[in-house]
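Colleague: Single-letter residue listing:
There are 2 protein chains.
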Amino acid sequence: MTDISHPSKTKLLEAALQVIRAKGYSATRIEDICAAAGVTKGSFFHHFKSKEDLALGAANYWSAMTSELFAAAPYHDHADPLDRVLAYVDFRKSLLEGEVEEFTCLVGTMVQETFATDPAIRDACEASISGHAATLEDDIAAAMALYGIAADWTAKSLALHTQAVLQGAFILAKAKGGAAVAADSVDHLHRYITLLFARPAASQATH
Amino acid sequence: MTDISHPSKTKLLEAALQVIRAKGYSATRIEDICAAAGVTKGSFFHHFKSKEDLALGAANYWSAMTSELFAAAPYHDHADPLDRVLAYVDFRKSLLEGEVEEFTCLVGTMVQETFATDPAIRDACEASISGHAATLEDDIAAAMALYGIAADWTAKSLALHTQAVLQGAFILAKAKGGAAVAADSVDHLHRYITLLFARPAASQATH
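Just so you know, the protein sequences line up as chains A and B, in that order.
FYI, our numbering numbers position 187 of the first sequence as 187, with every residue one higher than the one before it.
FYI, our numbering numbers position 175 of the second sequence as 175, with every residue one higher than the one before it.
Just so you know, these hints were derived from the structure itself, not from any lab.
Only a predicted model underlies this, so the values are computations on that prediction, with no experimental measurement involved.
Among the clues, some could well be false.
Same chains, same names: a pair is fine if it fits in one copy or spans any two.
To be verified - Calculated cross-link-like contacts (lysine-lysine; reagent style PhoX-like; alpha-carbon spacing at most 25 Å):
1) LYS156 / LYS176
2) LYS51 / LYS176
3) LYS49 / LYS156
4) LYS176 / LYS23
5) LYS41 / LYS51
6) LYS51 / LYS11
For reference, chain A alone in the conformation it holds in the complex (with noise of 0.2 Å):
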C-alpha cells in the first residue's frame, strides 16, 4: 500500500487527483504535478520512481480516499436495503456539484487512456471501480431477496452497472461541460432500480 503519511507525498497525490482529472494522464507532465503541488522534482522523484509509480500511487489513494467517503455516508443508515441503493444513487448525485473536473472519476479517466498501453495502471484502475461496485453488492442481493425478486441479472451485475452508468454520465458532463446532463442520468438510474423492484410510483416520487 502506498505509505501517504509523508506531507509532500500527499500534496504530490493530491496534486495527481486534480491535474489528471482535468488534463488526463498522458497530457500530464512531472512538472505539472510538482507545480500544483508545490513541492520540488527531487522531492517527486524522492517519493516516486516515474509518472507511472505516481499514477499507481494515485489509483491507490483514490480508492482509500471514496472509500472512506462512502463508508461514511448516511445512506447506510437505511433500514430497508432498497432504500440504502437508492440512497446511494442520491448520494451519487449529490456529488455531482461544483467544476466538472471535480467531480468526475480519476480512475475512470486513467483507465479510458492507458487500458491497452499500460495493463499496472489499468489492473488498479479495474480494482478501483469493481472494489467500489462489490460494496453495493450485499444491499442488492439483500433487498433482492427482501422483495423476491427472481431475476435474470445478479447483485454484482447491477451494482457494476451503476458504475457504468456513473461513468457514461461523467463522459457527457464533460462534453457539455456541465453536471446536468450527468444528473439526468443518475436520476435515470434511480428510476431503474426503482421499477426493477417493482417499487410503488408514489414511494419512487419521495426520492
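Starting from the known structure of chain A, fit chain B onto it as the hints suggest.
Modeller: Just chain B now, with coordinates in the frame of chain A:
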C-alpha cells in the same frame, strides 16, 4: 466538412480512429498516425495543419461513418417505435465484438482527455455524441405517445442516457479487458426501457 476524397487523407483518418482509440489522444503522436497510415509526414501536413486539426477531422469522419452505419441498420424496420428503440439497443450490443479498441468510441475517448484543455475538440465530440443521440429522439417520442407514457423524463433525456450507458460500458470493458461487462450494461439498458414502457415481461423475454 472534411474533404475525404483524397486516398491518403482517408488513410490518415482511418489511422487516427485506430491509434487514438487504442492509445488515447494525448499519447498519440503524428508519427504514430503516419506509420499506421503508411504515409509520410509530408503527406500528413499536406492534409492537416496539426494533430488538433487531425482530431477535428477524425471526429467529423467518425460522425459521418457512424451516421451511415446506423442509418443503414435494420432496427429502423420495426413498425412499433418501441421495437425500434429496443432493436437499436440490441444492435449496439451486437457491435461489442473484437478487441476493446475496435468497439469503443473515438469521441468518448477524446472528450475524456480534452474537455478542459481543447474546446474545439470537446465541441466536435459533443456534436458527435449529441447528434447521434438525437437520431433516437423521434422513435422514443413516438413510443411515449403510442404507449401513453406521461413521464417526468423527456425523449431527449432518455436518448442521452442511452449514450451515457454505452460510454460507461466502454470504460468498464477497458478496465476488465473484454466486452462481457459492457454487454451486461446494455442488457440493463434494454431492461430499463422495457420497464419504462411497462411492456409485459413475456415480450421482454423474446429479445
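Colleague: None of the hints should be skipped; say for each whether it holds.
Modeller: A quick look at each hint next to the structure:
no., hint, result
1, LYS156 / LYS176, "between (31 Å within a copy, 14 Å between copies)"
2, LYS51 / LYS176, "between (30 Å within a copy, 23 Å between copies)"
3, LYS49 / LYS156, "neither (36 Å within a copy, 48 Å between copies)"
4, LYS176 / LYS23, "both (16 Å within a copy, 24 Å between copies)"
5, LYS41 / LYS51, "within (12 Å within a copy, 29 Å between copies)"
6, LYS51 / LYS11, "within (15 Å within a copy, 33 Å between copies)"
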